[in-house]
Amino acid sequence: MIHHHLSDEMILAYAAGSLSAGQAMVVACHLDICPACAARVAEAEVIGGALIADVEETAVSDDLFNQILVDVDEAQSFPEPERTGASASGDLSSSSYLDGRYVPRLLANMIGDDFAAVRWRTVGPGIRQFVLPVPSSEGEKVRLLKLSPGFVTPDHSHHGSELTLVLKGSFSDDTGRYRVGDIQDAEEDMHHQPMADTEEDCICLVCTDAPLEFKGVITRLLQPIIGI
Amino acid sequence: MTAGQLSAMLVALGEHHDRGAFRQLFDHFAPRLKSFYLKAGTNPQMAEELVQETFTQIWRKAHLYRPDKAAASTWIFTIARNQRIDRLRSEKSFVYKDEDFFASKLVSDEEQTTEVHRNELVERVSKAMALLPSNQAEIVSMAFYDEATHAEIAQKLSLPLGTVKSRMRLAFGRLRNILSEVEA
Ligand SMILES: [Zn+2]
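Chains as they are written, first to last, in UniProt numbering: chain A, 1 to 228; chain B, 1 to 184.
Treat each hint with caution, since some may be false.
Listed below are the simulated DSS-like cross-link pairs for lysine-lysine, each with C-alpha atoms no more than 27 Å apart in a straight line [unchecked claim]:
1) B:K127 x B:K97
2) B:K127 x B:K39
3) B:K97 x B:K61
4) A:K168 x A:K141
5) B:K69 x A:K141
6) B:K97 x A:K141
Hints were generated in silico from the structure; no laboratory data involved.
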């Protein structure tokens, strides 16, 4: 059961196609297991359709349609895409959601479906990361974070945003408890201290769009080492 | 042409590659899609190439279109958006390559929305869009046409990021109210 969903403005930006690559990836991974948010995206896409329906017309070349017919006749020899149907079922019983962990398809394409096989790098006591090869915009980074049980992230504030999707285990902060499938959009100026709150590791998919700024003096000293 | 007629033509295209329906869809949407791509900052030649590619996709994927799930304009928007990302913002094309995905997922929903509702919804959303306060409409169109991120919009309009987000929320909230009225 998912308790933390995407905000309206994230849904709208995803539908518009205007999120950065990293944010769009994290959002898509939530949509993959959240039919409620996927339905909201479909609603937001109605706006896109209405904008296209209402935009002014610009004349196209006379022969454009004929060129398209040539293209489709050529394409005729290729098979058409199949409906993805049942394989794309959005419920939590789908094969991508097993044993209390969730490996989104977009992520499985990059790392396979086994978190144990990921080449984790230790970035500090109790915290490991794997930076994903996502082509992202400047200052943006998409990574998997693995927090050991009881690990408390240093108290930090944000310059930019931090979008987090829980893939295994859970974490808690002032704003609530986040379990597998839940998403957190930590806004600019938000102040929080997430803690892995069960006996198991907490694995999250995280997109940050600016370096985090840690509050404490010690953690500020650690920051260049942790690199987050 | 009404939303219902456009839906019917997309269905005919999907069922038996009806060329007459394809031509009518082209006549209706191609000049609009050209404007859509021009607004994304392409030159006229590139815009026509994108229109050409979009219609090739429409031809190939029309059999996936479900009139009870989306109005024709909504479905064509998703194809066009993904085509734009594929060609102009390829760094995120891996996220948007499968526009059939959410549509097929929603098919399994128990949600009982009919085709008539879908088409009525588009018309009411269009009307509501025209009535949005200009500062909300501006932000929505920057997101959909210019593909500007929240941060870029904030910078261009010299607004705090929170203001941009709250205006987007308000605009979407308005749409969602209309949606629930239509579905009720
Ligand atoms: Zn959700």
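Do the hints match the structure? See the list:
no.	hint	verdict
1	B:K127 x B:K97	violated, 30 Å
2	B:K127 x B:K39	holds, 21 Å
3	B:K97 x B:K61	holds, 13 Å
4	A:K168 x A:K141	holds, 20 Å
5	B:K69 x A:K141	violated, 35 Å
6	B:K97 x A:K141	holds, 21 Å
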